[in-house]
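So the chains spell out like this:
4 protein chains.
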Amino acid sequence: MADAGDSSSSSSSSSMEKQFEGFLQQLEQSGNLRDRIRAVAAEIESSTRLMHSCLLLVHQSRPIPEVAARAEAQIDVLKGLYRRLAEILLELPGQYYRYHGDWRTETQTAISLIAFLHWLQTENLLEHSEVEQKLGLDSSEFGLDIEDYLIGICFMSNELPRYVVNQVTTGDYDCPRKVLAFLTDLHASFRMLNLRNDFLRKKFDGMKYDLRRVEEVYYDVKIRGLAPTGDSTGDQGTQA
Amino acid sequence: MADAGDSSSSSSSSSMEKQFEGFLQQLEQSGNLRDRIRAVAAEIESSTRLMHSCLLLVHQSRPIPEVAARAEAQIDVLKGLYRRLAEILLELPGQYYRYHGDWRTETQTAISLIAFLHWLQTENLLEHSEVEQKLGLDSSEFGLDIEDYLIGICFMSNELPRYVVNQVTTGDYDCPRKVLAFLTDLHASFRMLNLRNDFLRKKFDGMKYDLRRVEEVYYDVKIRGLAPTGDSTGDQGTQA
Amino acid sequence: MADAGDSSSSSSSSSMEKQFEGFLQQLEQSGNLRDRIRAVAAEIESSTRLMHSCLLLVHQSRPIPEVAARAEAQIDVLKGLYRRLAEILLELPGQYYRYHGDWRTETQTAISLIAFLHWLQTENLLEHSEVEQKLGLDSSEFGLDIEDYLIGICFMSNELPRYVVNQVTTGDYDCPRKVLAFLTDLHASFRMLNLRNDFLRKKFDGMKYDLRRVEEVYYDVKIRGLAPTGDSTGDQGTQA
Amino acid sequence: MADAGDSSSSSSSSSMEKQFEGFLQQLEQSGNLRDRIRAVAAEIESSTRLMHSCLLLVHQSRPIPEVAARAEAQIDVLKGLYRRLAEILLELPGQYYRYHGDWRTETQTAISLIAFLHWLQTENLLEHSEVEQKLGLDSSEFGLDIEDYLIGICFMSNELPRYVVNQVTTGDYDCPRKVLAFLTDLHASFRMLNLRNDFLRKKFDGMKYDLRRVEEVYYDVKIRGLAPTGDSTGDQGTQA
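Residue numbers (numbering that gives the first Met the number 0), protein chains in the order written: chain A, 0 to 239; chain B, 0 to 239; chain C, 0 to 239; chain D, 0 to 239.
I should point out that these hints are in silico values taken from the structure, not numbers from a laboratory. Keep in mind the model is a prediction, meaning the values are calculated, not measured. Treat the hints with caution; some may be incorrect.
Pairs count within a copy or across copies, as identical chains cannot be separated in the list.
[Said to hold, decoys possible] Derived lysine-lysine pairs resembling DSSO-like cross-links, with alpha carbons at most 30 Å apart: (1) K207 <-> K177; (2) K133 <-> K78; (3) K17 <-> K201; (4) K177 <-> K17.
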């Protein structure tokens, strides 16, 4: 291969080398950026894990204000982490979506927990602009992707049947009605969207099982006359 | 569920609805954008298919200028298509990477063909800046992603063993030496890059099989004294 | 190849042969050791199968003392088998983890059964040091790997929903409350651990389904006023 | 679930918590150890990549002493890395095989390169004890697993056919005979071993293809009378 090797010293070869030296630098640069992003994403994951542990206590009927206080501390931690993420990405304008995959799963989980906490406190849906505000995100610079928000809301919905079951167990018979009203509205709102065959669509398709389970629990308390409203037609009513 | 439904008319519910109306618009907008991008990507795919058909004729030892003329016509078509793609994406600054997945496979194929044609004409590697120029891409607005370029070059490498085999069949015994020199340099250049465990790394790992196959063909012509250099001592030599 | 073969008689070749004779001995030795370990592991598997058969009778509401007596007989068998395993491994110090894969699955199953039996008898979690004691394991020589213990506990958790369902069927309405209290504590304890993305993490992730199932059963007995506490207001209450 | 939650404050529950706090520490400890091991393994991988790049130049018929000098520099780097690995593992005696999977692939690659270099320099097989010496490994503390050594040797064998082909191409017609003699002995030595159905057996099974390819190249040079020994019976001989 001696003669083949000879051409290695040609100018075209050194031009090739020069080009790849440039690539090396650029790949190192984007690799380092990705490492920094992943480090922050790992901290977001860690913070959401703690927040989740706090929120799980509502299933053991711990008072919401107590649970909320501990969970909200993590929102402040998350706010700081998203500020760091935004700072990293502002270094390279227009590359938000290039690295989006490196933090989106963690963000969807964060949204689901913050929205669940918000529902516990207000019985309302946490809106997109409200999450951005809570996390200190600025849409013009580093915003919250709408699909990530919607997927997070679907994850929150998955938590509701369990909450209803545990609330009824501890004697809160009005909870199913409230959750059902909320979930019915939420499901109807999602139905307005013309979702494509993607991950969000699949997650939304799962929401109907949450809805059905809550309907069943509501049915159980109504049929037994346990629901607090006077207009019940359950067991108690028939015996009255 | 009558009482549950009642709460739908509450203000919180209408606020939810209003938010989802906004999402509907935004999802429609990004969905339409994606449809337009995919339509252009389909045309790019169609054009590269035609270009590939032209280039395949080199395996039947048709003269390169004839093959090149027909293939180059497609480069002009591609240039027009990338202009359309750039125009669509310039409507939404900073979203290049959001939709990148919708045209990157087609682009990698286009790069591989244009680079193969360029090698046939010049025996040199088509550089990243040269492809951008040929396709009328402007890095500051809508450029060619480096990884897409590099993956395209790996695909081009996959075409070379077949070309060498067919050239030797038609009596071009100097082709293996030239391709081997080029591929050896290219492989060494790629090795400079510190590739991560991703798609590009996997494609590059395949390049060594191209290199070995070309080495084997070069071996075949050398050992038979068919290589055009004077120093051969193979079959021809023994018969002299 | 005659001349090639000639060099086989060189000194380098006989040195190569000598080395491989050493390898042959060492591979035979470790192969034999592995065979002996696997033979004991097969007996452990056989003993846990018998123990499992005994324990399954609790799902048919056979009295726990009767079930326990027969299951405990197998713990003695297991103790003897682990002594044999320890003796084999003490022949080659520092190779515990070399052959660990050959008995760990069987050990995890054994842990799950012994811990389930212990829970039936005491309503407490069998601790790591207690299992070691029961099986005659000495941590300084041949101990129980912590991950194997934890995986075994996850397997035990998988058995609890079925137990609760069958107990309620036979009229033991207090069982869900007790299992739920235990499983809630266990789940919270596992959450303290910062589990990596490995097999143990995956098994633990499954524990939440056990927890939910038990919550559902507890819900069922509570809403029907079947739970033994006086504050129920379910079906029984309305009929009172 | 209030009553269920009550038991959380029981002594059994706090004992459970205490046990898991111990696990948390031990899992953190082994997790940190694994991170440190993986960091060194990544550096070993990086060093072998550089060494491989150097060694690849022999396929372009660069003189062996020049190639060797650059490759040997990496052996010193590797020696330092294995010292670090040994130091980490000596902290926890008897856990070599617990973390073995975290560095074995990198080690097998290192062995294959060092053994190939050694063959280029001496035409002999690098023995197990010689590699340990080169890498500063001490069998009594942190040695080289025999299977890793043997797998590395199989990988080295995979490199030989390509080397032979490229050497013949550049006119070194004696190379096939020498490689064939070596590979024949090596293959025969491996055949002595009673390999089980595992990874090593699979790798060894692949060695016969290397042997066949080298036999074919040797046949090619012999039949064409290109082999340097006088006893050839190829093309030249028949025409003499």
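Fill in: Hints violated by the structure (listed by number, smallest first)
Result: no hint breaks.
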